[in-house]
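These protein sequence lines map, in sequence, to chains A and B.
Residues 51 to 287 (my numbering) are what the first sequence spells out, left to right.
Residues 2 to 237 (my numbering) are what the second sequence spells out, left to right.
No lab work stands behind these hints, which were simulated from the structure alone.
Hints are not guaranteed to be accurate.
Unchecked claim - DEER-style ranges, computed between Cβ atoms:
(1) A43(B) x A111(A): 39 to 45 Å
(2) A28(B) x H82(A): 41 to 47 Å
(3) A270(A) x G131(B): 48 to 54 Å
(4) L266(A) x S63(B): 18 to 24 Å
(5) R200(A) x R128(B): 43 to 49 Å
(6) V14(B) x H82(A): 42 to 48 Å
(7) H82(A) x N182(B): 24 to 30 Å
What the hints assert, rightly or not - Away from chain A, derived, C-beta distances all over 10 Å, residues of chain B:
(8) L17
(9) A40
(10) L48
(11) P51
(12) D120
(13) A126
(14) R128
(15) G131
(16) Q136
(17) P218
To be verified - Partner residues are not named here, just some residues of chain B that face chain A (Cβ under 7 Å, in silico):
(18) P77
(19) D171
(20) S202
Note that CB positions come from ideal geometry on N, CA and C, so glycine has one too.
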Amino acid sequence: MTAAGPVIPNFGGASSCVLRNGLFCLGWVRQHWSDTLAPALVQHLELTVIAVGLGFAIALAGGLAAHRYRRAEQPFSVVSALLYTIPSLALFQLLVPFTGISLTTIEIALVAYTLVILFPTIVVALRSAPPEVLEAARGMGLTPRQILVRIELPLAVPAIVGGLRIAVVSTISTGTIAAFLMPEGLGHPIIFALSEPHPFKTEIYAAGALAIGLALVCDATLVVARALLAPWSRRGA
Amino acid sequence: MSLADEFRPGTFVQALHFIAGNVGFLAGKTLEQLELSGASIAIALALALPLGVVLGHLHRGSAFAIGASIVGRALPSLVLIGVFLTVLGIGFLNNMVALAVLAIGPILTNAYVAINGVDRDLVEAARAMGMSDRQVLARIELPLGAPLLLTGVRIAAVTVVATATIAAVDGGGGLGDVIVNQASYRLQGVLGASLCVMALSAAVWLALLALQALATPRGLRAATLLELSDYGKERL
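Extracted from the complex, chain A is given alone in its bound form (with noise of 0.2 Å):
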């Protein structure tokens, strides 16, 4: 028996893997996916899902009164340039006074920049109709309301749903920031892991995988859905 040497507390379960902090333990990735890594990814997912929703409806709502009255489309822009400008962690932090450290301050900072997105993509695309096509449709007798239903609208989609792509996709990657307000979605993980004096590459590669693969399978969803609401635009949009 050997009694030279440190007491290394073994808090039991950890694998020889974590202690020397190999390049991927997949062991604590099973043992911890139930208890770290599906919680977040199902909060990262509810962050996207609500953020990306709420800022379509406020998108499109706004996109149709810009389609109505063009004045309203400048000072919205400018707006959205000088917010896109804006970090995103200071942007979670500005908003603290108003709404304290919660998830409405998280949805309202990324509601914002899906709004700088969207926005302007509804409005292009709303005006991307041909207009010899929209002339027959007046010839036709088509009332304004009729042809935004049934022309505008339709041919908008395509181009719609490639913001709502980046959108989705960048609400994603912003998401993970979110972590430094309050311990929530995917960034957690990641944040918890490098704040220790030895990150633990395992929790870090798991996290940021789960992240990316969110983020493709979200846009590969959008492209299937696109492919269904409009089949005329299988070539790009």
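Position chain B against the provided structure of chain A, taking the given hints into account.
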């Protein structure tokens, strides 16, 4: 926490006091952030700009050049910083590389789209006048592509300066050091630094917008400066 506790816009006044009382300290942090951002953008420019311009000039590799910004967007900055930390260790180097990776996408894509999209008739005419390949690039394609090309640089620069704030989690320094350390600086310090970061990236955005205005050929000026929003110009 009740709503009354949370709603404290007065904190912004304290934040301004914090800024006024720590000008030198915040200026130092800003300088750190600019150093890190500048180094990353320089690397990204050196790699992506010539590549995008050459591919655009040859009208080749569109999938690669446009795919770069799509892939780049799917990589969250925090994940990049985390992953490079495990490879390159804590400090300046890993942050610089992670931020450079972020900047490559928009620079490469916009440089390619800008040069590739120059009116082919003009290029034909230039060749018919006897211009060499190099002259076509230098006198026709680069000046005409400059506005869109610089839009890419502007998007990349603002993204990098903004993201450099996050680099504070692994020794990147900069204003993020204050923002992520509420325990030391309290909420007013965090807000003060956030305001500084906001001003910094807006300043970078405006400076590059001005540079873009200067670099735009006179005939194109009115057309490009009307459009402030950057997003319509990026392609998916």
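Consistency of the hints with the structure:
In this structure the hint that A43(B) and A111(A) lie 39 to 45 Å apart at CB holds, the actual value being about 43 Å. Against the hinted window of 41 to 47 Å, the Cβ-Cβ separation of A28(B) and H82(A) comes to about 43 Å, which satisfies the hint. For the pair A270(A) and G131(B), the beta carbons lie near 50 Å from each other, so the given range of 48 to 54 Å is met. Between L266(A) and S63(B) the C-beta distance comes to about 21 Å, which sits within the given range of 18 to 24 Å.
Between R200(A) and R128(B) the Cβ separation comes to about 47 Å, which falls inside the hinted range of 43 to 49 Å. For V14(B) and H82(A), the Cβ-Cβ distance of about 44 Å falls inside the hinted range of 42 to 48 Å, so the restraint holds. About 28 Å separates the C-beta atoms of H82(A) and N182(B), a value consistent with the hinted range of 24 to 30 Å. Every C-beta of chain A lies more than 10 Å from that of L17(B), the closest at about 13 Å, which supports listing it as non-interface.
Every CB of chain A lies more than 10 Å from the CB of A40(B), the least distance being 18 Å, so the non-interface label holds. Distance check for L48(B) against chain A: the nearest CB is about 22 Å away, which clears 10 Å, and the non-interface claim stands. No beta-carbon of chain A is positioned within 10 Å of the beta-carbon of P51(B); the least distance is around 27 Å. Every CB of chain A lies more than 10 Å from the CB of D120(B), the least distance being 21 Å, so the non-interface label holds.
With a cut of 10 Å on Cβ distances, A126(B) stays outside the contact zone with chain A, its closest approach being about 29 Å. Taking the minimum C-beta to C-beta distance to chain A, about 29 Å, the non-interface status of R128(B) holds against the 10 Å cut. For G131(B), the non-interface assignment is confirmed: its Cβ lies about 37 Å from the closest Cβ of chain A, beyond the 10 Å cut-off. Residue-level check passed: Q136(B) sits 33 Å from the nearest beta carbon of chain A, beyond 10 Å.
No Cβ of chain A approaches the Cβ of P218(B) within 10 Å, the least distance being about 23 Å, so the stated non-interface status holds. Because the beta carbon of P77(B) sits about 4 Å from the nearest beta carbon in chain A, less than 7 Å, this interface hint is met. Here the hint on D171(B) is kept, as its CB sits about 6 Å from the closest CB of chain A, short of 7 Å. Because the beta carbon of S202(B) sits about 5 Å from the nearest beta carbon in chain A, less than 7 Å, this interface hint is met.
Hint compliance for this structure: every hint is met.
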